[in-house]
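Model the placement of chain W on the given structure of chain H, informed by the hints.
For the protein sequence lines, the chains are H and W, in the order given. For the first sequence, the working numbering gives the first residue as 2, with consecutive numbering after it. For the second sequence, the working numbering gives the first residue as 2, with consecutive numbering after it.
Hint data in this document are derived by calculation from the structure and do not stem from the laboratory. Heads up, a few of these hints could be off.
A pair counts as met if it fits within one copy or between any two copies, since identical chains are not told apart.
[Unchecked claim] Straight-line alpha carbon distances no greater than 16 Å define the calculated EDC-like cross-link-like pairs of lysine to aspartate or glutamate that follow:
hint: 1; residue 1: K333; residue 2: D306
hint: 2; residue 1: K50; residue 2: D182
hint: 3; residue 1: K237; residue 2: D58
hint: 4; residue 1: K363; residue 2: E379
hint: 5; residue 1: K315; residue 2: D227
hint: 6; residue 1: K7; residue 2: E21
hint: 7; residue 1: K367; residue 2: E379
hint: 8; residue 1: K260; residue 2: E21
hint: 9; residue 1: K233; residue 2: E210
hint: 10; residue 1: K233; residue 2: D119
hint: 11; residue 1: K50; residue 2: E210
hint: 12; residue 1: K220; residue 2: E82
hint: 13; residue 1: K283; residue 2: D309
hint: 14; residue 1: K333; residue 2: D309
hint: 15; residue 1: K211; residue 2: D182
Number of protein chains: 2
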Amino acid sequence: MPGIIKERLFTPGPTPLLMEAQASAMVANVHHRTEAFRQIMRETLDLLKYYFNTQNDVLILASSGSGAMEGSIVNLVSPGERILIGTAGKFGERWLGLAEAYGIEAVKVEAPYGHPLDVGEMKQRLEQAGPFQAVYVQATETSTGVSHDVKALGEVVRNYPQTCLVVDAITGLGTTELRPDEWGLDIVIGGSQKAVMIAPGLAFVSVSEKAWKMIANAKLPRYYFDFAKERKNQAKGETSYTPATTLIISLHSALQYIKGLGRENLIANAALLAEASREAAKALGLKLFAVSSPANAVTAVCAPDGMDSGAIVKEMRRRFGAVIANGQGSMKGKIFRLAHLGYYDIPELFAVVAGLELVLLKLGQKVELGSGVRAAQEIYLRRAG
Amino acid sequence: MPGIIKERLFTPGPTPLLMEAQASAMVANVHHRTEAFRQIMRETLDLLKYYFNTQNDVLILASSGSGAMEGSIVNLVSPGERILIGTAGKFGERWLGLAEAYGIEAVKVEAPYGHPLDVGEMKQRLEQAGPFQAVYVQATETSTGVSHDVKALGEVVRNYPQTCLVVDAITGLGTTELRPDEWGLDIVIGGSQKAVMIAPGLAFVSVSEKAWKMIANAKLPRYYFDFAKERKNQAKGETSYTPATTLIISLHSALQYIKGLGRENLIANAALLAEASREAAKALGLKLFAVSSPANAVTAVCAPDGMDSGAIVKEMRRRFGAVIANGQGSMKGKIFRLAHLGYYDIPELFAVVAGLELVLLKLGQKVELGSGVRAAQEIYLRRAG
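Just chain H, with the same shape it has in the complex (with noise of 0.2 Å):
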């Protein structure tokens, strides 16, 4: 490949970086015990707030998402409480790492890998088996690009005073409609690196008065997670350990541009992505791996019979600068995962798509050029007009 090759990532995390987001944090001379980066902070929890689409408190961690999921136990759950986690892939089961590395017993709801959560059957554990402090699922499942019915299940713990309903929303902020306030989300967290457009090191939470009091109360160790305090320094433009201020300075410029370009939009623009990309797999006679409720975040498409998802990973990468993710765990060599989530546009879908259709021609299968890209084209017609 003698020629100019772009990295381009395509995978869930890290994403595309808002260059001016980049630009302003090259510029971020600041110190954090300053008014200015007060005033900075605080505008970005009062724009985290509209990005989250909630009223209730946001607070801001250095730490990658996986801290936030560890603090949404510490907080909310004492020695001896019980959980209800459900889980469809590998990030429902860091869930069950977390209750176990704290001691706590968990009971657990499983969906086979590319299937989402039952909700009825999560209703039944929690009619028969509780009482749970808490229930904790993923919005979208990124390991297998499903997308759980957060909705349906908040309608269910409402009825529970006592539960709270926890949503690693990592990759689902941004991807999809999510109503914290209405749906009964009791805690609801996110990364940087994710939809937001900004390089990773943040996680964010959104914390109900429900899961307010329930953290007052809850006993398990904590320190650096401990959101009761992060939210009294927050409140005040504060944070009780040092902030990562470059990667704030970026969020508080993305989450502008993001409030101009409209939260709606970018969720449409996702979900207008991720609908491509599905017709334009099945174009290419490849199969969906998610059965049912696809993730608008993350697309992920099987291996042709016989060839390892990691050649077109590797070859995606090698003449076409794309990255593009493989399976985890079990799906490695099976599946690859195509991102949708943040700053992504539909011309860039088109170039993916159609180094897709030459990667496989030159793994060996057999395919119309043009066709994929065709697919994808007609979903823009249908959706954009």
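Chain W in isolation, oriented as in the chain H frame:
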């Protein structure tokens, strides 16, 4: 279009910026009268020789390419002397304007828009209508997307020891093979906002020994564009007037990238994109404006009968953020131009062709979606394997 639209330049200058080079400029806090800057200047001039493929002196001017075009007249010609101009488009006509501004008699050889210059006709004029102080042509006529045979012209002009050959290679450099030293291209002109991947503001000129001898005797008035004065200063890493420091620093960075990629590979990349564009346009039933000798730098495509090319330009930008160029002068509304010079890769071409298909369809053309992309993909397969 309520989704994410990323604006991308597909214009024949300015062209997409190399971000690494932009970042170098961002952190450049340097005074030009320092050894640190002189070192950068000397290295940049050496890298420019690589880029120009010449051992001749290369100078950097703080001006657009047109300034260097003016310089190549005022430094070579004296009042009363005559020049020969080859023109086949808007940039060829610029030579005529310059000659007129300085009261220099110009004999012109003209080719119709869309055609290359007839070197035989230029040879005849040199034989029959001389003597000429210099011959002025473009390597690539950007307004029509046509490439002129400067190699053949060099073979002709080298028989005239008192006549220099001046080549505007502003869009030719980095897109087409040039061998100034072997081919006898005495002055070659370049610009920063072209295949060299940085922002506008710099012009470059290479000057042969034959040209330096004539420059010593040329009497047209000149001050800012005094090549001999620049040569003396730039040999020391200095400039006669304040240099555009950040542009030179980003040029230094971009030329290092190009040297790593390989000058020939940069040219091959443009050739691939140009051929793929031509085949895509033909597959979509569009006529190419260049009747023969199409340039690698830019592809000029005729709008379908009865359609204003401005509508295509407008819709490409509105729907897909793709900034393509309309025709200039009498070609406005009749053609659109898609550039390939510099920092472009093949996925971007797939994307722009997919977008063009949709725009043509929305403007009422009959289009088989995906057919232009397929034609481009087939060129990729043939060239890149």
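Status of each hint after checking the structure:
When the C-alpha separation of K333 and D306 is checked against a cutoff of 16 Å, the pair qualifies only within one copy, where the shortest distance is 14 Å, while the shortest distance between copies is 52 Å. In this assembly of identical chains, K50 and D182 lie within 16 Å of each other by CA distance solely inside one copy; the values are 11 Å within and 64 Å between copies. For a Cα distance limit of 16 Å, the shortest separation of K237 from D58 inside one copy, 13 Å, qualifies, whereas the shortest one across copies, 62 Å, does not. Proximity of K363 to E379 under the C-alpha cut-off of 16 Å is restricted to the inter-copy arrangement: shortest distance 12 Å between copies versus 25 Å within a copy.
In this assembly of identical chains, the alpha carbons of K315 and D227 never lie at most 16 Å apart, being 42 Å within a copy and 53 Å across copies at closest. In this assembly of identical chains, the alpha carbons of K7 and E21 lie at most 16 Å apart only when taken from different copies (12 Å versus 19 Å within one copy). Within a single copy, K367 and E379 get their C-alpha atoms only as close as 22 Å, which misses the 16 Å cut-off; across copies the closest is 15 Å, which meets it. With identical chains, the CA atoms of K260 and E21 are at most 16 Å apart within one copy only, with a shortest distance of 14 Å there and 29 Å across copies.
Within a single copy, K233 and E210 get their C-alpha atoms as close as 14 Å, which meets the 16 Å cut-off; across copies the closest is 75 Å, which misses it. Taking CA atoms no more than 16 Å apart as the test, K233 paired with D119 passes in neither setting, with 38 Å inside one copy and 79 Å between copies. Proximity of K50 to E210 under the C-alpha cut-off of 16 Å is restricted to the intra-copy arrangement: shortest distance 15 Å within a copy versus 68 Å between copies. Within a single copy, K220 and E82 get their C-alpha atoms as close as 10 Å, which meets the 16 Å cut-off; across copies the closest is 95 Å, which misses it.
In this homomeric assembly, K283 and D309 never come within 16 Å of each other (Cα to Cα): the closest approach is 18 Å inside a single copy and 37 Å across copies. In this assembly of identical chains, the alpha carbons of K333 and D309 lie at most 16 Å apart only when taken from the same copy (9 Å versus 51 Å across copies). Only within a single protomer do K211 and D182 lie at most 16 Å apart by alpha-carbon distance; the minimum there is 11 Å, versus 79 Å between protomers.
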